[in-house]
Amino acid sequence: MIETAARDDIDPDSLTPNDRIDFLRSYAFVGMHVLALGALFTGVSISALLALLVTFWVRLFGITAGYHRYFSHRSFKTSRPFQFVLAWLGASAGQNGPLWWVSHHRLHHRHADTEDDIHPPGLKGFWWAHAGWIMSRRYDGYDTSLVRDLRWFPELRLLDRLHMLAPLSVGVFLFGLGWWFEVAFPGLGTTRWQMLGWGLFVSTVLLYHVTFLVNSVTHMWGRRRYATKDRSHNNWWVALLTLGEGWHNNHHRYPSSERQGFYWWEVDVTHYILKGLEKVGLVWDLRVPPLRAYRR
Numbered sequence: 001m002i003e004t005a006a007r008d009d010i011d012p013d014s015l016t017p018n019d020r021i022d023f024l025r026s027y028a029f030v031g032m033h034v035l036a037l038g039a040l041f042t043g044v045s046i047s048a049l050l051a052l053l054v055t056f057w058v059r060l061f062g063i064t065a066g067y068h069r070y071f072s073h074r075s076f077k078t079s080r081p082f083q084f085v086l087a088w089l090g091a092s093a094g095q096n097g098p099l100w101w102v103s104h105h106r107l108h109h110r111h112a113d114t115e116d117d118i119h120p121p122g123l124k125g126f127w128w129a130h131a132g133w134i135m136s137r138r139y140d141g142y143d144t145s146l147v148r149d150l151r152w153f154p155e156l157r158l159l160d161r162l163h164m165l166a167p168l169s170v171g172v173f174l175f176g177l178g179w180w181f182e183v184a185f186p187g188l189g190t191t192r193w194q195m196l197g198w199g200l201f202v203s204t205v206l207l208y209h210v211t212f213l214v215n216s217v218t219h220m221w222g223r224r225r226y227a228t229k230d231r232s233h234n235n236w237w238v239a240l241l242t243l244g245e246g247w248h249n250n251h252h253r254y255p256s257s258e259r260q261g262f263y264w265w266e267v268d269v270t271h272y273i274l275k276g277l278e279k280v281g282l283v284w285d286l287r288v289p290p291l292r293a294y295r296r
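Going by our numbering, the first residue of the sequence shown is number 1, and it counts up by one from there.
One thing to keep in mind: the hints can contain errors.
[Stated by the list, open to error] Taking CB as the label site, the calculated pair distances span:
id : residue 1 : residue 2 : range
1  : His109    : Leu291    : 21 to 27 Å
2  : Val183    : Asp149    : 44 to 50 Å
3  : Val30     : Tyr226    : 17 to 23 Å
Simulated from the structure, these hints should not be mistaken for lab results.
This structure is a prediction, so every number in the text was calculated from the model and none was measured.
Backbone N, C-alpha and C define an ideal beta-carbon position, used for all residues, glycine too.
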């Protein structure tokens, strides 16, 4: 059954002062969009486009497998070193530190699509759920009580405080690589500014909005396999863009399952990669949906 349910606008009278969008406090988020537009004026090359694709998909995996399925829901196990790798990949996507991200996501699951939810499109509109909540004052900090399990690790606390170093290091690497291409392989037509612009700025903005589709679109449009109390939907095209995160009704029904595409036709690239990592011993104990999930 295809269902749609949500408003697509924000009623300004329904927002408290802390809820209102503050563009000045959102300088990093807004600035990244400006820099992405600036990247369009650097020209383009095959190398720059490849950098965009690699940094987009690798960092998206850091969000889907790391921040979401591992840290937020503990749907599989891994070693402490690889745990940090996942945290760094997630932080490199420019979506704040792991403790901040996980705390807000757990809060969302606790109050999904109610007045206490952080991004309910049915109550505050599509754009609030998509990006507006991030730009409000209310969510600058996070509830430490929701991430007590993660705060045991000093390296995660440090990364959370210094999370901007992760995307910055990606930018430094891309700039240096582009400089080397200019000197060693001038025939490529690739410049340092192209590599930085397309590989970091454009890639990060795409990461923002692809990730945000899960908060907005999948709580408005798609199919509902399970009668959950929230408004989560399975949306195939969001799943394709997000490495499998679009099977959101499945996820809200069984949030501890590492696999979110429950059937073979529900493409879940994050799950496929994690199964591969399981074979080489980097992750283990991948949690699966119970048998009753298939008896509707």
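A quick look at each hint next to the structure:
1. His109 to Leu291: 21 to 27 Å: holds, 23 Å
2. Val183 to Asp149: 44 to 50 Å: Holds: the Cβ-Cβ distance is about 47 Å, inside 44 to 50 Å.
3. Val30 to Tyr226: 17 to 23 Å: Given range 17 to 23 Å: violated, Cβ gap about 37 Å.
Violated hint: 3 only; the structure is consistent with all others.
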